[in-house]
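Q: Protein chains in written order, with the working numbering: chain A, 59 to 397; chain B, 59 to 397; chain C, 59 to 397; chain D, 59 to 397.
Since the hints were derived computationally from the structure, they do not count as laboratory data.
Quantities reported herein were computed from a predicted structural model and do not represent experimental measurements.
Take these hints with a grain of salt, some might be off.
Simulated crosslink set (SDA-like; lysine to any residue; CA at most 25 Å straight-line) [stated by the list, open to error]: (1) A:191 to A:116; (2) C:191 to A:371; (3) A:191 to C:306; (4) B:294 to A:119; (5) B:191 to D:120; (6) C:191 to A:151; (7) A:191 to A:294; (8) C:191 to D:376; (9) B:294 to A:121; (10) C:294 to D:376; (11) A:294 to B:203; (12) B:294 to A:371; (13) C:294 to C:306.
Now for the letters of each chain:
There are 4 protein chains.
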Amino acid sequence: MTTHEADRIRYRPARDELAYTFGGRMPVVHVRSGDVLEVFTEDCFGGRVRGPADLPSQVCQMPYLNPVSGPFFVEDAEPGDTLAVHIMSIEPAREWGVSATFPHFGALTSTSHTATLQPALQERVWMYGIDRKAGTVRFQATETDHSVDLPLAPMIGTIGVAPAAFEARATIVPDIHGGNLDTPLMQAGTTVYLGVNVHGALLALGDGHARQGDGEACGVGVEIATVTTLAVEVVKGVSTGWPRLETDTAIASVGCARPLEDAYRVAHTDLVGWASEHTGMDTLDTYQLVSQAGRAPVGNVCDPNYTVLASVDTAALPGWSPAYGGVHARLRQHATRSR
Amino acid sequence: MTTHEADRIRYRPARDELAYTFGGRMPVVHVRSGDVLEVFTEDCFGGRVRGPADLPSQVCQMPYLNPVSGPFFVEDAEPGDTLAVHIMSIEPAREWGVSATFPHFGALTSTSHTATLQPALQERVWMYGIDRKAGTVRFQATETDHSVDLPLAPMIGTIGVAPAAFEARATIVPDIHGGNLDTPLMQAGTTVYLGVNVHGALLALGDGHARQGDGEACGVGVEIATVTTLAVEVVKGVSTGWPRLETDTAIASVGCARPLEDAYRVAHTDLVGWASEHTGMDTLDTYQLVSQAGRAPVGNVCDPNYTVLASVDTAALPGWSPAYGGVHARLRQHATRSR
Amino acid sequence: MTTHEADRIRYRPARDELAYTFGGRMPVVHVRSGDVLEVFTEDCFGGRVRGPADLPSQVCQMPYLNPVSGPFFVEDAEPGDTLAVHIMSIEPAREWGVSATFPHFGALTSTSHTATLQPALQERVWMYGIDRKAGTVRFQATETDHSVDLPLAPMIGTIGVAPAAFEARATIVPDIHGGNLDTPLMQAGTTVYLGVNVHGALLALGDGHARQGDGEACGVGVEIATVTTLAVEVVKGVSTGWPRLETDTAIASVGCARPLEDAYRVAHTDLVGWASEHTGMDTLDTYQLVSQAGRAPVGNVCDPNYTVLASVDTAALPGWSPAYGGVHARLRQHATRSR
Amino acid sequence: MTTHEADRIRYRPARDELAYTFGGRMPVVHVRSGDVLEVFTEDCFGGRVRGPADLPSQVCQMPYLNPVSGPFFVEDAEPGDTLAVHIMSIEPAREWGVSATFPHFGALTSTSHTATLQPALQERVWMYGIDRKAGTVRFQATETDHSVDLPLAPMIGTIGVAPAAFEARATIVPDIHGGNLDTPLMQAGTTVYLGVNVHGALLALGDGHARQGDGEACGVGVEIATVTTLAVEVVKGVSTGWPRLETDTAIASVGCARPLEDAYRVAHTDLVGWASEHTGMDTLDTYQLVSQAGRAPVGNVCDPNYTVLASVDTAALPGWSPAYGGVHARLRQHATRSR
């Protein structure tokens with residue numbers, strides 16, 4: 059369901075509108091630069107896991123996992139441009155979140171690719187209570203009485219555009235087109251830059267998490283449906299390779315690869331190039347500075363590609379000039395006005 | 059161009075019929091179980107690299123690399139079936155083959171994913187003379203007078219079906235649907251088993267090599283156009299995960315993954331399961347036997363996923379009963395009659 | 059030079075006392091549980107790189123790199139015990155620090171093991187000014203005028219004990235015995251737990267950094283000589299596998315391995331076990347909680363093994379009982395009194 | 059027990075003479091260039107696993123696994139030289155061999171480093187009958203009646219010298235000093251070249267296998283005690299990095315690393331350099347030729363480092379001049395005379 063209002067476009071997918079790939083799908087809504095888009099996103103289980111008895115491998119059917127809302131056709135986006143997507147807010151749509159162990163999926167189990175002859179870990183479901191006022195997520199152990207409140211820190215796990223080279227990729231995959239990046243930095247206040255590969259870019263998103271730890275060790279965050287509000291802008295004639303993030307204080311490049319060190323290499327090589335270009339320092343000077351000032355938050359160590367970010371505070375970059383013509387600041391201000 | 063003759067279907071793609079993905083394409087020809095299919099395949103450069111001055115990065119345009127011929131719609135193939143493809147012959151279509159170093163591609167260079175700040179190796183082209191009578195491929199050094207004849211050993215680098223989960227994958231990628239496996243075992247006399255994911259299977263192939271070393275270290279084999287003859291048969295109601303090969307004396311499972319040990323794990327886990335099923339030995343006994351009798355030929359260490367095979371002689375498998383109902387022997391005989 | 063004073067033992071190695079292995083060395087000083095030890099540590103270049111013209115590969119000689127001070131024989135430490143080492147303070151010993159690119163070493167270059175045919179990056183030295191009052195480290199670009207002050211955050215890069223299994227390991231190596239862990243969490247206020255493998259434990263340390271980024275991308279931090287003050291205590295009859303850290307608010311397990319995901323797996327598996335043991339939650343409940351509450355700071359992506367930590371706040375662990383009998387709190391208090 | 063006879067030195071270690079490290083040990087025998095050395099080697103379990111009830115984790119005690127015989131002090135070997143060791147013969151010393159699954163060790167299980175929360179595979183022992191006349195090894199399943207004869211193909215799993223940099227390494231480790239390479243090419247007729255790191259080289263060997271598959275998937279070959287006969291020669295003033303092998307028809311470089319692709323890169327980079335030096339072809343021409351003519355036999359995918367070889371027939375190397383001054387041919391002839 060799409061509604062076009064004065065200040066925003068609201069989109070809520072019917073169940074059969076949910077998408078399971080980036081690429082290979084017709085757009086559901088057309089938007090243009092400057093539009094604010096309010097999107098309902100389902101959780102990674104399509105909302106089907108609602109209690110301990112709803113084992114994901116039983117109530118979900120492959121490949122109908124990790125649905126995204128979209129794709130959105132961005133009218134002036136052409137291959138070679140960059141799509142800037144500013145995340146204005148991510149609101150949990152329900153009072154609960156859910157996590158699980160999924161057979162042969164996660165960092166501390168053998169998997170379909172790190173294949174062993176061992177049986178899978180037990181499949182189990184954890185329900186989390188979300189208290190939006192208190193800003194907490196409640197963990198409750200399944201076998202004992204232990205419980206604890208953790209900070210609510212909503213994020214979008216999966217966001218991306220149609221891939222290049224005529225590919226269509228399952229939404230479970232993170233790669234150069236975005237997708238299942240699973241990084242906590244994809245939160246309100248962040249702008250993500252995605253290279254446009256096809257006319258219209260075909261933006262889609264989903265897989266909200268109330269929070270997740272670094273690497274999403276068990277393979278599943280605190281999965282939630284969300285209402286997520288975005289402002290989009292096309293940066294014409296500026297291309298982007300790997301996804302990049304910008305906040306008010308920092309920039310980050312995203313690398314997706316296996317083994318994990320290659321994700322680190324991709325992200326850091328991109329960040330060094332980006333920082334070098336916008337400071338005027340030579341490559342090795344920038345490499346040196348990033349080596350001492352950089353952070354490397356781990357996104358996921360469970361998806362088909364692993365995700366690591368390379369990040370640095372812009373205050374640590376002497377001579378830094380705003381990236382992408384200052385689009386982050388502009389969208390940030392826009393977002394403030396629209397709220 | 060397609061011709062239907064008494065004993066075979068001949069297909070030669072026009073240039074604009076070449077495909078660059080598995081999945082996401084309409085079929086070019088319909089075939090059915092038992093058909094013999096003679097296919098012209100272009101080389102991985104689309105035939106554009108014909109001498110030392112034709113640098114691939116200049117004469118080829120991304121993503122128009124590694125074209126395949128097809129896809130072929132196999133009429134009775136349904137998801138959950140297995141497509142058996144017997145390679146009857148692979149004939150080099152020209153008197154020459156070509157190899158190259160391609161910037162930031164290959165095993166002994168940094169790449170787009172094993173990203174470093176180092177400049178690329180020099181891009182260079184090597185032309186090989188093919189002597190079909192002598193059965194040789196002539197290597198000629200570019201900087202010195204050194205030359206040597208190597209055995210001609212034609213193989214198909216890329217063969218596969220449409221992927222599952224609504225995906226479309228670039229032909230450069232090897233994965234569970236097949237694709238750019240780049241293994242020398244994909245030669246005349248081999249039957250490959252591919253799990254069917256979509257109605258019609260959508261088989262395609264290309265990327266012939268006059269020969270290649272284990273791992274295709276520089277990223278490029280001795281690339282040739284070919285005329286390749288196949289016999290296809292659908293094995294109904296038997297599913298297959300990773301690609302499997304069968305010859306008159308051996309079976310092999312294919313694993314595609316990064317890091318390379320995961321390709322090894324995938325292939326060996328599959329082979330242990332396959333051998334266990336057809337011998338009646340328990341899993342650990344089979345694991346033990348494969349550990350002592352198995353081979354692990356390395357396919358590629360340069361593509362987006364690396365490829366390793368796990369192989370064992372059927373003579374080393376006590377109680378071995380023919381795989382897939384003996385389809386290999388049947389197609390082999392069929393092939394002999396059709397020649 | 060060793061002096062035994064009322065409240066502490068001071069040790070300053072002569073140049074020829076510096077050690078280049080863990081294991082395989084005679085102890086330089088004997089200490090016992092409760093002792094405070096003030097140690098001078100040289101920088102990773104043995105103090106030989108003092109300006110841009112001092113290229114490490116020229117002024118240093120393999121294997122005389124990354125010297126450590128020690129080993130210290132801890133009198134009551136026996137195999138099967140745990141050595142708790144509380145870092146009371148790390149003081150830079152000079153007004154400057156130094157970093158460099160070293161040929162074929164670092165994360166964004168091919169290396170001796172990620173071997174390629176490409177030439178090395180340029181070897182270059184960066185000198186950093188250290189302002190202890192301001193608490194800053196000054197980066198100065200070498201090719202342009204760019205400079206920036208970064209926070210001073212002293213840490214010990216290399217600390218460990220003699221390995222098990224009669225091994226002696228070069229100090230450049232991080233592994234289960236500790237060694238070149240290169241994690242910023244090895245700072246004042248942290249207690250590190252090391253499993254004792256030989257009588258006397260044979261503790262040694264060195265390789266101070268004024269600061270480093272996550273992963274130490276270029277392979278070298280802001281290298282400094284330090285005066286580091288430690289309090290040691292043997293935890294009898296409690297064994298430890300991989301190194302563990304404790305601060306006033308968090309615990310962390312260290313994993314050292316290649317590929318990087320194995321370091322992540324080692325660290326997280328250990329943390330799950332540790333947290334499960336001290337909370338009484340079952341393994342899967344703990345796995346779930348760590349998956350949502352855990353952090354995974356990257357130590358190094360350049361050394362012979364890579365280092366990742368798995369960390370969680372003790373406040374996020376319901377029912378947490380102090381680790382190792384509360385030795386961290388005890389040493390912390392001890393440290394406060396000794397200051 | 060050592061006996062010096064006219065044509066050879068015979069050495070049979072007492073149980074307490076067995077060594078568990080390379081480096082950190084006093085030599086047991088002195089030899090010199092040209093000597094023939096006949097060595098008894100125990101199996102990797104120290105001969106303690108003799109039937110299905112002898113579970114390795116119970117009858118063996120860490121770290122007393124994988125014993126080697128030696129070290130042998132080679133009198134004229136100095137750092138910077140190369141030690142050439144020609145394997146004249148490997149005779150099984152008993153009528154049986156043994157294999158096993160060992161908890162959390164092997165390629166198709168989680169391990170200490172590819173750590174997961176899954177329980178270990180069942181520990182089980184397989185006994186093999188060795189028929190030296192028939193040249194066979196008999197596999198017998200443990201759960202069913204299946205059995206099969208495989209070719210007897212004796213090899214030495216572990217051979218090496220003292221490491222550089224004052225290190226001592228457990229015999230389970232393969233690395234640049236040799237050690238637990240676990241490659242079937244270490245067979246009679248092969249010459250191995252090892253770089254000398256310490257005065258006397260300190261050669262040691264053990265861990266015979268009656269045969270093994272590529273990668274030694276379950277972590278254990280068909281383990282045997284052997285009587286192995288070697289001829290040694292020091293190649294003065296020629297240094298060697300990674301271990302190299304030479305047979306009558308081929309050369310090979312050994313790479314040991316994780317992930318497995320790094321072992322491939324190390325081996326192939328070394329082979330390209332070696333072949334380039336001895337043919338006079340430039341690096342890229344050699345890279346190209348090895349890419350088409352090379353083989354990459356997988357050694358082990360279970361040890362602390364994985365092992366891959368890069369190999370090429372000398373007949374495929376135009377202008378090839380004998381390596382190391384023709385020492386292989388000389389020792390080969392010597393071996394023939396001594397037999």
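Q: None of the hints should be skipped; say for each whether it holds.
A: Results of checking the hints against the structure:
1. Distance hint between residue 191 of chain A and residue 116 of chain A is unfulfilled; the C-alpha atoms sit about 34 Å from each other, more than 25 Å.
2. The straight-line distance between the Cα atoms of residue 191 of chain C and residue 371 of chain A is roughly 23 Å, inside the 25 Å bound, and the hint therefore holds.
3. Between the alpha carbons of residue 191 of chain A and residue 306 of chain C the distance comes to roughly 29 Å, so the proposed pair goes past 25 Å and is violated.
4. Distance restraint check for residue 294 of chain B and residue 119 of chain A: the Cα-Cα separation of roughly 22 Å lies within the 25 Å cut-off, and the hinted pair is therefore satisfied.
5. At most 25 Å may separate the alpha-carbon atoms for a hinted pair to count; residue 191 of chain B and residue 120 of chain D exceed this at roughly 60 Å.
6. This hinted pair does not check out: residue 191 of chain C and residue 151 of chain A have alpha carbons roughly 50 Å apart, beyond 25 Å.
7. Under the criterion of a C-alpha separation no larger than 25 Å, the hint pairing residue 191 of chain A with residue 294 of chain A is inconsistent with the structure, at around 40 Å.
8. About 67 Å separates the Cα atoms of residue 191 of chain C and residue 376 of chain D, which puts this hinted pair outside 25 Å; it is violated.
9. Taken as a hint, the residue 294 of chain B and residue 121 of chain A pair is honoured in the structure, with Cα atoms around 22 Å apart against an allowance of 25 Å.
10. For the suggested pair residue 294 of chain C and residue 376 of chain D, the alpha carbons sit about 65 Å apart, so the restraint of at most 25 Å is broken.
11. Straight-line distance between C-alpha atoms of residue 294 of chain A and residue 203 of chain B comes to about 51 Å, which puts the hinted pair past the 25 Å bound.
12. The hinted pair formed by residue 294 of chain B and residue 371 of chain A fails the criterion: a straight-line CA distance of about 58 Å is larger than 25 Å.
13. Between the alpha carbons of residue 294 of chain C and residue 306 of chain C the distance comes to roughly 22 Å, so the proposed pair stays at or under 25 Å and holds.
Going through the hint list in order, the structure does not satisfy hints 1, 3, 5, 6, 7, 8, 10, 11 and 12.
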